[in-house]
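A.B. asks: Sequence:
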Amino acid sequence: MTRQNGVLERRYRMVAAKVGENKYAVLSLDSTNGKPSQYVVAYNSSRFQCNCPDFLKHIDKPYYACKHIVAVYRAVTKMDILSSEAIEIEVTKKVKIKRSNNGNNKDDGAVSKNNLPRYHHEILPSD
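Numbering (my numbering), first residue to last: 95 to 221.
I should point out that these hints are in silico values taken from the structure, not numbers from a laboratory. For every residue, glycine included, the Cβ atom is placed at its ideal position computed from N, Cα and C. Worth double-checking, as some hints may not be accurate.
Stated by the list, open to error - Calculated cross-link-like contacts (lysine to aspartate or glutamate; reagent style EDC-like; alpha-carbon spacing at most 20 Å):
#1 K172 <-> E182
#2 K117 <-> E182
#3 K129 <-> E179
#4 K112 <-> D154
#5 K117 <-> E179
#6 K129 <-> D148
What the hints assert, rightly or not - Quick list of simulated restraints, FRET-style, between CB atoms:
#7 T171 <-> G114: 16 to 22 Å
#8 D124 <-> E179: 18 to 24 Å
#9 S140 <-> R105: 25 to 31 Å
#10 N127 <-> D174: 29 to 35 Å
#11 D154 <-> T186: 22 to 28 Å
#12 Y158 <-> R107: 18 to 24 Å
#13 E182 <-> K155: 23 to 29 Å
#14 E115 <-> K172: 28 to 34 Å
#15 A180 <-> D154: 27 to 33 Å
#16 V170 <-> L123: 14 to 20 Å
#17 T186 <-> K155: 28 to 34 Å
#18 H152 <-> E184: 17 to 23 Å
#19 K155 <-> S178: 29 to 35 Å
#20 D124 <-> Y157: 22 to 28 Å
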């Protein structure tokens with residue numbers, strides 16, 4: 095992790111695997127909840143969609159891409175070149191830091207596992 099001007103840059107390792115026509119399983123090895131998480135990224139007529147909490151929070155933004163979608167973008171090219179069905183990829187995400195009341199830095203990108211529903215292994219609707 096690197097930090098500049100109130101922005102924290104995190105690197106996430108992921109494994110992307112093709113599981114169907116325009117559908118990928120993404121295993122996030124460096125998940126924000128401390129253990130690996132798996133999500134599904136699928137192309138849905140006009141855009142890629144993911145079933146992670148971050149994407150679902152921003153689903154109304156047509157050009158938004160979560161880190162899992164970015165991983166699939168990067169992995170697809172490498173999969174074609176290497177003739178592989180799965181590949182490990184690294185994604186960098188910038189997160190703003192804000193100061194909490196007690197003076198400690200608080201990470202805006204932190205996700206509490208207590209306040210989010212689980213979306214692991216959920217298949218996206220096809221419309």
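A.B. asks: Hints first: check each against the structure and report whether it holds.
C.D. replies: Structure-based check of all given hints:
1. K172 <-> E182: Since the Cα atoms of K172 and E182 sit roughly 10 Å apart, the hinted pair holds (cutoff 20 Å).
2. K117 <-> E182: holds, 16 Å
3. K129 <-> E179: violated, 24 Å
4. K112 <-> D154: The hint is violated at about 26 Å.
5. K117 <-> E179: The given pair, whose Cα atoms are some 12 Å apart, holds under the 20 Å limit.
6. K129 <-> D148: Judged against 20 Å, a Cα distance of about 17 Å means the pair holds.
7. T171 <-> G114: 16 to 22 Å: Cβ of T171 to Cβ of G114: about 19 Å, so the range 16 to 22 Å holds.
8. D124 <-> E179: 18 to 24 Å: Holds, at about 22 Å.
9. S140 <-> R105: 25 to 31 Å: holds, 30 Å
10. N127 <-> D174: 29 to 35 Å: For N127 and D174 the Cβ distance comes to about 32 Å; the hint holds.
11. D154 <-> T186: 22 to 28 Å: holds, 25 Å
12. Y158 <-> R107: 18 to 24 Å: holds, 22 Å
13. E182 <-> K155: 23 to 29 Å: holds, 28 Å
14. E115 <-> K172: 28 to 34 Å: Violated - the Cβ-Cβ distance for E115 and K172, about 19 Å, lies outside 28 to 34 Å.
15. A180 <-> D154: 27 to 33 Å: Cβ of A180 to Cβ of D154: about 31 Å, so the range 27 to 33 Å holds.
16. V170 <-> L123: 14 to 20 Å: Roughly 19 Å apart at Cβ, these two residues keep to the hinted range, so it holds.
17. T186 <-> K155: 28 to 34 Å: For K155 against T186, whose Cβ atoms are near 20 Å apart, the range 28 to 34 Å is violated.
18. H152 <-> E184: 17 to 23 Å: For H152 and E184 the Cβ distance comes to about 22 Å; the hint holds.
19. K155 <-> S178: 29 to 35 Å: holds, 31 Å
20. D124 <-> Y157: 22 to 28 Å: Check passed, 25 Å falls within 22 to 28 Å.
Hint violations for this structure: numbers 3, 4, 14 and 17, all remaining hints satisfied.
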